[in-house]
Amino acid sequence: MSGLGGKYAIVGMGEVAPPKGTLYESYYGMASEVAGKALDDAGLTKKDIDGVVFTTAYGPPFPYPSSTTGYFCEYASMGDVWFENYPYGSMPTGPSVVHRACMGIEAGMANTVLVINSDNWLTRNSRQAAIEVMASRAFDSQYEWPYGPYAMTIMGLMAQRHMHEYGTTSAQLAEAAVAARKWALMNPVAFSYNTAPDINVDDVLNSREICMPLRRLDCCIVTDGGTAYVVTKADRAKDFKKPPVYIQGMGEMGHGRYISQVPSYADLDIAGKATRQAYDDAGMSIKDIDLAYLYDPATILTLIYLEQIGACPLGEGGKFVEGGRIGPGGDFPVNTHGGLLSCRHSAFSGASFQLSEAVKQIRGECGERQVKDANTALCLCEGGWFNIGVTILSGSPR
Amino acid sequence: MAEYLKPLPTIQPESEAYWAGCKRHEFLLQKCRTCGKHQFPHRTICSNCDSLTTDLEVVKASGKGTVYTHSAVYRPLSPAFGPDVPYIVVIVDLDEGPRMMSNMVGCTPDEVKIGAKVEVVFDDVTEEVTLPKFKLAE
Chain A
891 MSGLGGKYAI VGMGEVAPPK GTLYESYYGM ASEVAGKALD DAGLTKKDID GVVFTTAYGP
951 PFPYPSSTTG YFCEYASMGD VWFENYPYGS MPTGPSVVHR ACMGIEAGMA NTVLVINSDN
1011 WLTRNSRQAA IEVMASRAFD SQYEWPYGPY AMTIMGLMAQ RHMHEYGTTS AQLAEAAVAA
1071 RKWALMNPVA FSYNTAPDIN VDDVLNSREI CMPLRRLDCC IVTDGGTAYV VTKADRAKDF
1131 KKPPVYIQGM GEMGHGRYIS QVPSYADLDI AGKATRQAYD DAGMSIKDID LAYLYDPATI
1191 LTLIYLEQIG ACPLGEGGKF VEGGRIGPGG DFPVNTHGGL LSCRHSAFSG ASFQLSEAVK
1251 QIRGECGERQ VKDANTALCL CEGGWFNIGV TILSGSPR
Chain B
10 MAEYLKPLPT IQPESEAYWA GCKRHEFLLQ KCRTCGKHQF PHRTICSNCD SLTTDLEVVK
70 ASGKGTVYTH SAVYRPLSPA FGPDVPYIVV IVDLDEGPRM MSNMVGCTPD EVKIGAKVEV
130 VFDDVTEEVT LPKFKLAE
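These protein sequence lines map, in sequence, to chains A and B. Residue numbers in the first sequence follow my numbering, run continuously in steps of one, and reach 1288 at the last position. Residue numbers in the second sequence follow my numbering, run continuously in steps of one, and reach 147 at the last position.
Treat the hints loosely; a few may be bogus.
[What the hints assert, rightly or not] Cβ-Cβ distance ranges computed for the label pairs, FRET-style:
| no. | chain 1 | residue 1 | chain 2 | residue 2 | range |
| --- | --- | --- | --- | --- | --- |
| 1 | B | Ser-60 | A | Glu-996 | 28 to 36 Å |
| 2 | B | Tyr-13 | A | Glu-915 | 31 to 39 Å |
| 3 | A | Tyr-965 | B | Pro-88 | 29 to 37 Å |
| 4 | B | His-47 | A | Pro-1287 | 51 to 59 Å |
| 5 | B | Thr-135 | A | Gly-998 | 54 to 62 Å |
| 6 | A | Thr-912 | B | Ala-146 | 49 to 57 Å |
| 7 | A | Pro-1153 | B | Lys-144 | 21 to 29 Å |
| 8 | A | Asp-970 | B | Ile-20 | 42 to 50 Å |
| 9 | B | Ala-146 | A | Ala-1019 | 32 to 40 Å |
| 10 | A | Arg-1126 | B | Gly-45 | 57 to 65 Å |
| 11 | A | Pro-1153 | B | Val-114 | 25 to 33 Å |
[Unchecked claim] Partner residues aside, some chain B positions facing chain A, computed with beta carbon under 7 Å:
| no. | residue |
| --- | --- |
| 12 | Pro-16 |
| 13 | Pro-18 |
| 14 | Thr-19 |
| 15 | Ser-24 |
| 16 | Tyr-83 |
| 17 | Phe-90 |
| 18 | Tyr-96 |
| 19 | Met-109 |
| 20 | Met-110 |
| 21 | Ser-111 |
It is worth saying that the hints were derived from the structure and are not from the lab. These numbers were taken from a predicted model, which means no experiment stands behind them. Even for Gly, the Cβ is constructed at its ideal location relative to N, Cα and C.
Based on the provided sequences and hints, a complete structural model is requested.
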């Protein structure tokens, strides 16, 4: 438990979300644009910022990926700041990168921190290259990669085991894809907002085989995209343009690096442990959660994480999602932006759209997909593989 | 031998014995002289012992195991894997305890079941490198 729950808040948020068919050529250009949006949202300029936390993607365009934050500060001419750099596959992951801003402020290194997750992942890689680059870095180069796995293979291996242990069905997995698509069709930030069709369970079951038992519509998309945040102390949080969103709980737990050594592919209990840290930090339980944002590179993980956050007992994720329960109008809204499955997946910054959406939902800015009276959200993300970060947000101060 | 375009292992000092064994068609694990447990992947220390002891020996293993989970891959990692589609990625729990990733060979996706007994076979993919793979046990 961090002990920092309730002490910090998000007071500014920005998103850059290029639609399908649009290229975004400049990596640092996107990072700077999204940073500017977050500053504007908070009513600040770069002169008000004394800390920067930035995440790094795989591959080009920088000679030293571990220096990404330095390159960004150079590009945006933001000097005399405390900064940190988080490479993809490290802890923290996605939304939980904001934890590092809180820790930096708590340690006295800064007061007002800009957090950026941004990558023109699709533009600079192409879809095939993105899949191969990620696989080349995400798997053990001796003991895994020679056998031809990529991210969705892992998800297939997990789905197969979950089905074996708990009787989960392909139709239940499909429910997660259907819910994500229905949310995305109401979200202008989603990659395929105006172009992707509505889908049903049969569409998922009839889509082409990828890594069995997973089919095309069980798997995420590849896109560009970025989000950014301004984080400061909760006692200053009302001094900005928009209503603050308080960071009430943080959990982080890691286990290592290689998927072939994960103890259980069905009971991913490290996610449960990280979630309990965040609940303890926030003084909350699953009963307090209005919205859940769960890392969903494939449908199986939505089900597994629903179990691990306590929405349902272990093994009952499949039954839980039946009947549109996590989709629009359902009683347990999950990934109201459309998730990685249907909103966007832009490497590290992909899951950060969980956090930008949670901020917008809590502020009541989500238009037709707004969940009524949503005040508390849980974001859960993993990185490289199954190192977990959990963030609990609320519109109310502690 | 036709040019091999798939990824090859980046052999490290601690795994030289393992890959040399594969080349001789011997499946080798490490065994800790302190706790007695077998270990995979190969390391300089025992990952089971809290002391991180280096008192390890390399031993010939049975090459037998059980399917923990599997996935038939229809969309290949890269064009080099295209001719193999559907290829089967498998996670095997070895009889000695450790878990590893590999490919199933000599069977169709429908024939692979969780819990199936498997045994190692050696695929000499290049003159220098042999990959251990698995087939359904007799």
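Outcome of the hint check:
The hint said 28 to 36 Å for the Cβ distance between Ser-60(B) and Glu-996(A), and at roughly 35 Å that hint holds. About 35 Å separates the C-beta atoms of Tyr-13(B) and Glu-915(A), a value consistent with the hinted range of 31 to 39 Å. Separation of Tyr-965(A) from Pro-88(B) is about 36 Å and conforms to the stated range, judged on CB atoms against 29 to 37 Å. Against the hinted window of 51 to 59 Å, the Cβ-Cβ separation of His-47(B) and Pro-1287(A) comes to about 54 Å, which satisfies the hint.
Checked against the hint of 54 to 62 Å, the C-beta distance between Thr-135(B) and Gly-998(A) comes to roughly 56 Å, which is consistent with it. Evaluation of the 49 to 57 Å hint for Thr-912(A) and Ala-146(B) yields a pass: the beta carbon distance comes to about 53 Å. For Pro-1153(A) paired with Lys-144(B), a C-beta distance near 26 Å keeps the hint of 21 to 29 Å intact. Checking the proposed 42 to 50 Å range against Asp-970(A) and Ile-20(B) shows it holds: the Cβ atoms sit about 46 Å from each other.
Checked against the given bound of 32 to 40 Å, the beta carbons of Ala-146(B) and Ala-1019(A), roughly 39 Å apart, stay inside it. Distance hint check for Arg-1126(A) and Gly-45(B): the Cβ-Cβ separation is about 58 Å, which falls inside the suggested range of 57 to 65 Å. Hint check: Pro-1153(A) to Val-114(B), Cβ distance near 26 Å, so the stated range 25 to 33 Å holds. Look at Pro-16(B): its Cβ gets to within about 5 Å of chain A, closer than 7 Å, so that hint holds up.
Annotation: Pro-18(B) was flagged as interfacial toward chain A, and the flag holds, the nearest CB pair being 4 Å apart, inside 7 Å. For Thr-19(B), the suggested interface contact is upheld, since its CB lies about 4 Å from the closest CB of chain A, less than 7 Å. Annotation: Ser-24(B) was flagged as interfacial toward chain A, and the flag holds, the nearest CB pair being 6 Å apart, inside 7 Å. Because the closest C-beta pair between Tyr-83(B) and chain A is about 4 Å apart, less than 7 Å, the hint holds.
Interface restraint check: Phe-90(B) against chain A, minimum CB-CB distance 5 Å, threshold 7 Å, status holds. At about 6 Å, the closest approach between the beta carbon of Tyr-96(B) and any beta carbon in chain A falls short of 7 Å, and the interface hint on this residue holds. Proximity of Met-109(B) to chain A holds as hinted, the smallest CB-CB distance being about 6 Å (cut-off 7 Å). With its C-beta approaching chain A no nearer than about 4 Å, Met-110(B) sits inside the 7 Å limit, and its interface hint holds.
Against a cut-off of 7 Å between C-beta atoms, the interface hint on Ser-111(B) holds, since the closest Cβ of chain A lies about 6 Å away.
In terms of the numbered hints stated before, the structure departs from none.
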